[in-house]
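Chain order of the listed sequences is B and R. Using numbering that gives the first Met the number 0, the first residue of the first sequence is number 0, and each one after it goes up by one. Using numbering that gives the first Met the number 0, the first residue of the second sequence is number 0, and each one after it goes up by one.
One thing to keep in mind: the hints can contain errors.
The calculated DSS-like cross-link candidates involving lysine-lysine, where the alpha carbons are at most 25 Å apart (straight line), are [what the hints assert, rightly or not]:
1. R/K139 / R/K84
2. B/K205 / B/K184
3. B/K205 / R/K97
4. R/K56 / R/K97
5. R/K52 / R/K84
6. R/K139 / R/K52
7. R/K111 / R/K124
8. R/K111 / B/K184
9. R/K97 / B/K184
Here are a few chain R residues that face chain B, going by a calculated C-beta distance under 10 Å [to be verified]:
10. F77
11. G110
12. A119
If you're looking for bench data, these hints aren't it; they were derived computationally from the structure. Don't be surprised by glycine CBs; every beta carbon is placed ideally from N, CA and C.
One letter stands for each residue in the lines below.
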Amino acid sequence: MKNPPLNHVAIRRAVSSTPRKSIVTSAMLALIACGAFVRSTGAVEAMDGSGYVHDAEQQLIHSGFGGCVRTGYWTPALAIPECDPQFLKKVANVQPTAPVPKLPAPMVQAAPAPSKPIFVKSTLSAEDLFDFDRFQLMPGAATQLDQIAERIKRSPELDSIQISGYADRIGSAGYNLELSRLRAKAVKAYLVSRGIDAERIRSVGKGAAEPIAACTEVPGPADKSNQRLVACLQPNRRVEVQAFVEQLAQH
Amino acid sequence: MKRLFSNLGTLTAALGAVTMLVPAFAAEPSLPPEQHFGAVGYVSGGVGELQAKAFEKQMGKFNLTIEVLERAGRRDEFTANSEVKIMDRLGHELLDTKAAGPFVLVDLPAGKYSVEADLAGRTVKRSGIQIGAGHHAVAKLEFPAATD
């Protein structure tokens, strides 16, 4: 443990001496509506239904690690053989013979021909941007952020891009708000360094709001070693990139 | 949504490959640039592990360290964005700044001062902070635990 006068930093520091890998896998990054979603008439349905991100030519987008990029709607049920064969196997094992109940085709509400532009929002997921109590981008973040930068560059119709930074709940509310702001700023700065116009991007901090993992059963943060909690809360240390795209009425 | 997958192997490989290309990514932050309020020079910040370390390492370059903390259970936690003020013994304000993090490092002439922090409508004050030649003073301002 640290020397007594610095005890107050222990909450923020308790894991600083542990090997990186145990706490690394950190942030979730969400991306962006791509042109494909908004150019087709079925933009909204596509967003509601698709488990994977496609580009404007309806080709699957692949991440820097070679896998498919999942949308926020992704669940194992939406897995396709090309992207996630392992989930298909699992699903098959769990229900080897169970008949799939026939569900009526979802009623797609026939939207009245919109006279006003509507705004479509989408977020995609990626990981590993920030360590616990840090806002400096991890080296592994570059691959994913480069991909996002390319997508934004290829889609000039994306405007009002908002980067929201998030923190886990360990630490005071004010501190986490500032930390989350700095995380959002770091991602914005990186995208700007990759040629995105700073005017298109707004960065905001959301503190520990909207947690993805609750981890209520894990002791801490006042626990002597909050490593388990830190690891459990990993998905919350993230940045989401969202774009609102004006979709014009189609007839 | 529950995280159902984590491919650490691929991740590690990708990390290794990229590390060589972006050496500047995890650079150790130094103190932010010194600011001035009238004649008083100061820096504030300390959010994030690396910057907090920079402040702790270099606080000796200033003669007063102000730490703004908030009680949480049996511990103190760092705060950010409190309004920090320093008054001399006549009540004149020598500093009034929004602290970017838990630390404010200040250079003051020898004398007796009081310091105050305001955060979310609450105020904590300490007086009788003695600054003398060759002496580094630390003033901790601790807010009681926030009520939900």
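Structure-based check of all given hints:
| no. | hint | verdict |
| --- | --- | --- |
| 1 | R/K139 / R/K84 | 13 Å, holds |
| 2 | B/K205 / B/K184 | 12 Å, holds |
| 3 | B/K205 / R/K97 | 19 Å, holds |
| 4 | R/K56 / R/K97 | 22 Å, holds |
| 5 | R/K52 / R/K84 | 23 Å, holds |
| 6 | R/K139 / R/K52 | 17 Å, holds |
| 7 | R/K111 / R/K124 | 14 Å, holds |
| 8 | R/K111 / B/K184 | 39 Å, violated |
| 9 | R/K97 / B/K184 | 19 Å, holds |
| 10 | F77 | 5 Å, holds |
| 11 | G110 | 24 Å, violated |
| 12 | A119 | 7 Å, holds |
Comparing the model with each numbered hint stated earlier shows that hints 8, 11 do not hold.
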